[in-house]
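S.K.: Residues per chain, in single letters:
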Amino acid sequence: MKPTRLPCADERVVLARRGALDPRAWQDFATHLTECVDCRIAWRLNADFDVSAASRPGDERLIARGVKRALAPTARRQRMALRIAVAASAVLVAVGAASAAIVLGSRVLTAAHEGETRPEPRTHPVRHAQAGRTTEPAPPAPAPAPAPAQTPTMPAPAPAQTPTMPAPLPAPRPRSKLAWAKSYGDQAPDVTASDATAPRAAAPGLAPPPHLMTPAALFAESLSDRQQGRVEDAIAGFRALTRQFPDAAEAKVALVSLGDLLLGAGRAADALTAYEGYLARAPAETLVPESLWGKVRALELLGRTREAEATRREIARRFPDFPYARPGVGAGGSSP
Amino acid sequence: VLKLLRGRSQRAESEAESGAESGARRMPRVHDDLMGLLAGCRRGDARALATLLSALGPPMLQMIRRVMGGADPDVEDVFQEAMLSVTRALPSFRGECSTRHFGCRIATLTALKARRRRAGIPEVLASGLDDDRCEGLDAPDWALSSCRRRVVRQLLDELPAEQAETMTLHYLAGLTVEEVASAVRVPVETVRSRLRLAKAALRERVALDPSMSEVLEDKL
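Chains as they are written, first to last, in the working numbering: chain A, 1 to 336; chain B, 1001 to 1220.
Bear in mind the hints are in silico, worked out from the structure with no lab data behind them.
Some hints could be false.
What follows is a set of in silico ranges between Cβ atoms, one per label pair, in the way DEER data are often shown [unchecked claim]:
| hint | chain 1 | residue 1 | chain 2 | residue 2 | range |
| --- | --- | --- | --- | --- | --- |
| 1 | A | Val95 | B | Met1035 | 26 to 36 Å |
| 2 | B | Ser1092 | A | Ser99 | 42 to 52 Å |
| 3 | A | Arg18 | B | Pro1073 | 24 to 34 Å |
| 4 | A | Leu21 | B | Val1186 | 43 to 53 Å |
| 5 | A | Val91 | B | Val1186 | 19 to 29 Å |
| 6 | B | Gly1044 | A | Arg83 | 19 to 29 Å |
| 7 | A | Asp59 | B | Ala1089 | 36 to 46 Å |
| 8 | B | Thr1190 | A | Leu82 | 40 to 50 Å |
| 9 | B | Thr1190 | A | Leu15 | 39 to 49 Å |
| 10 | A | Val103 | B | Gly1036 | 28 to 38 Å |
| 11 | A | Trp26 | B | Val1186 | 25 to 35 Å |
| 12 | B | Gly1036 | A | Ala30 | 15 to 25 Å |
| 13 | A | Ser106 | B | Gly1044 | 22 to 32 Å |
| 14 | B | Met1035 | A | Val91 | 16 to 26 Å |
Ideal placement from N, C-alpha and C gives every residue a C-beta, glycine not left out.
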């Protein structure tokens, strides 16, 4: 069939349906419909399908449902985005908490491990002497349960084992003396304290290495360390000796050696405590002049010149033959 | 959708700044009372989107009923599908035609697609009385009108999609050729060509069925 050409380009059918024609134009349009098949078909079909498109009861609800359905994905997406944001925040918080717990746990473990191996930091003696401090600050606590600070006033007995401090396990292999002494010294009572005269029992559960089970062996080991320049090992060994075997003769001598080492390390307060501990526990033994002389030097380093001068006079009075008691000998010398 | 609308609005503004005159030549200015709501949608206003959809609802529902039949049970489903399609297509709408014609075109396409989806399924009312009785028509006229609608709808199922869409918008919805061209985004001559082909197909179909000749030749 040959295609029919649309002769009516002015869209009079549409204008008539929309009521845009005046009465005269209507008459012309009616005449045109009788002549133009295309416009007649369009007019008739438009009228036919207008019947189908007529509004019906309930259309408002139908349209409202359609709008709600169309908007639902947007609202659902917003709710989903909110849920995702909340879930992401919760995950981030959980991850952060877990990371913090891991870091904290690793620090605790590291600190506990370092507590066994790290030496005590040295303190500048002159600085404390110039500041006129009466107490020497405790070293930075490497472990959750640091060793109690030693003060000249000789505090009460050290606290019992701290719960956070891991108990030493039975060593499958011999531990170093310094590690054992440090771990022991952190928990055992300090015999250099004011009540050091009272005999103490060794701390339970802390056994020295097998080769250091006797005071003589421990003293010899510490003395060897001192002679070979391992000052910290020697200090730890002497300190462990005084705490583990407080009643042994080596422990009393160790107090003087400990005082000398501490004084050389600039820890005047600790050295003074050690000297006074020896003087309290062995007031009539052979190392009293050396202890008094060490006390003089410690007091001068601490800036307590009056006490130092009184101690010096005591040396001159009690031990006139003691070479450092002669006038003109300063505190720079060491004990014989 | 609102994000896409906002992005589309920004791009449209930048394009308007770069070549306002050329854009004006490309897009014929159409009076549209829904443009304000459309601008609100592009700003991300959810209320404007709801109001716009409510305004587009009646003409879209009418369009679907024209294509599907007023008594078709799938009208509501197709309408909801069309509303969803409009919501998704709004970001791509650049104002080439009025917003109502844009909605009518989407409703037409959705309804035609729905009809083709259920191809092979018998018509809801095989007797041809597919719509409620119109008070202005007597029984014979109503029967003829219903028969014509059925013939045209069957033809819409068989025509190429472009011709079916153009025929629906022009003969069923009453859009002018220019309005159809704007809505479909094709030149006017293309619309005329499609209409010509569709009408030829209609005549051919009527010629093949002698019982239908009376319906068209006597009454049209």
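S.K.: Next, verify each hint and record whether it holds.
M.R.: Hints, one by one, checked against the model:
Our hint of 26 to 36 Å for valine 95(A) and methionine 1035(B) is violated, since their Cβ atoms are close to 49 Å apart. At about 46 Å, the CB distance of serine 1092(B) to serine 99(A) agrees with the hint of 42 to 52 Å. Our hint of 24 to 34 Å for arginine 18(A) and proline 1073(B) holds, since their Cβ atoms are close to 31 Å apart. Roughly 28 Å separates the CB atoms of leucine 21(A) and valine 1186(B), a value that falls outside the hinted 43 to 53 Å.
Against the hinted window of 19 to 29 Å, the Cβ-Cβ separation of valine 91(A) and valine 1186(B) comes to about 51 Å, which falls outside the hint. For glycine 1044(B) and arginine 83(A), the hinted distance range of 19 to 29 Å is satisfied, since their beta carbons lie about 21 Å from each other. Here the CB-CB span from aspartate 59(A) to alanine 1089(B) is close to 23 Å, at odds with the stated 36 to 46 Å. For threonine 1190(B) paired with leucine 82(A), a C-beta distance near 47 Å keeps the hint of 40 to 50 Å intact.
Checked against the hint of 39 to 49 Å, the C-beta distance between threonine 1190(B) and leucine 15(A) comes to roughly 22 Å, which is inconsistent with it. Take valine 103(A) and glycine 1036(B): their Cβ atoms lie about 57 Å apart, and the range 28 to 38 Å is violated. Checking the proposed 25 to 35 Å range against tryptophan 26(A) and valine 1186(B) shows it holds: the Cβ atoms sit about 32 Å from each other. In this structure, glycine 1036(B) and alanine 30(A) break the distance hint of 15 to 25 Å, their C-beta atoms being roughly 39 Å apart.
For the pair serine 106(A) and glycine 1044(B), the supplied restraint of 22 to 32 Å is violated, since their beta-carbon distance comes to about 48 Å. Distance hint for methionine 1035(B) and valine 91(A): a CB-CB separation of about 44 Å, inconsistent with the stated range 16 to 26 Å.
In this structure, the earlier hints numbered 1, 4, 5, 7, 9, 10, 12, 13, 14 are contradicted, and the remaining ones agree with it.
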